[in-house]
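Make the full structure from the sequences, and use the hints.
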Amino acid sequence: MSSFDPDGADTVLTSEWLAKQFLAPPDAEQVRSIRSLRGQIALREIGASLNQQQAADTICQMLNADSSESVAETLQRRHVALFEGMFRQRCVLPYASVWDGTDRLGGPAVTRMKRLMRDLDIHLDSACKEMPDHLGICLAVLAEALRQERKDVVSALLSDLRGWVPRFSEALIQADGPNYCGNLARFLVPLLDRIGQGLCSETGHEQDNARDYERAGYDQ
74 MSSFDPDGAD
84 TVLTSEWLAK
94 QFLAPPDAEQ
104 VRSIRSLRGQ
114 IALREIGASL
124 NQQQAADTIC
134 QMLNADSSES
144 VAETLQRRHV
154 ALFEGMFRQR
164 CVLPYASVWD
174 GTDRLGGPAV
184 TRMKRLMRDL
194 DIHLDSACKE
204 MPDHLGICLA
214 VLAEALRQER
224 KDVVSALLSD
234 LRGWVPRFSE
244 ALIQADGPNY
254 CGNLARFLVP
264 LLDRIGQGLC
274 SETGHEQDNA
284 RDYERAGYDQ
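For the sequence shown, this note's numbering assigns the number 74 to the initial residue and increments by one for each residue that follows.
Just so you know, these hints were derived from the structure itself, not from any lab. Each residue gets a CB set at the ideal place from its N, CA and C atoms; glycine is no exception.
List time: in silico DSSO-like cross-link candidates among lysine-lysine, alpha-carbon distance up to 27 Å:
| # | residue 1 | residue 2 |
| --- | --- | --- |
| 1 | K224 | K93 |
| 2 | K93 | K202 |
| 3 | K93 | K187 |
| 4 | K187 | K202 |
| 5 | K187 | K224 |
Ranges between beta-carbon positions, derived for each pair:
| # | residue 1 | residue 2 | range |
| --- | --- | --- | --- |
| 6 | Q221 | R177 | 25 to 33 Å |
| 7 | R177 | D266 | 27 to 35 Å |
| 8 | I114 | K93 | 15 to 23 Å |
| 9 | C273 | S109 | 31 to 39 Å |
| 10 | L110 | L178 | 39 to 47 Å |
| 11 | D130 | E243 | 17 to 25 Å |
Take a look at the structure:
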């Protein structure tokens, strides 16, 4: 990335990877890819970049605990139980509307996400059945905003996500403990913090540059 670079392409790739994990559990082929040498190196790099090395190590160990087919089947069952279960008190629903004070599905967060997606000139694929305020979609939109260097959209998304993701993460860690999704949850807040720090740093650089121009007697 050029002018706007909050820690570069790695935050884009991390956001995209997490988006995929929350939208659907990895199938057997994806499990094999993640637990390959290259995949484990990449996952541990994500953990190191977010100061969550233990979570990354635990995920790697889990994915290598059995055959890729058995691991994928276990992850599928757990994903359904956590995010799609019939009994809400046993679920950790991954929608902003449930956690942002609205406390119901399809709240104002859906409208906000649709507006941000229009700002980026993107839309959901017709095959996608999730609402726009699903965490996986929010992370995918965040990745695209970073890729397009849209600081305004990144800032708006961070504000929204910081309003509910910490509570969601805490609940998911409590519900899933040391398991796959529980460790994915440990990545979320550090990722938002890292992107936010990069955004603040970039804003600070712009302000410094503006002051330099003013002192030099130039108009920007």
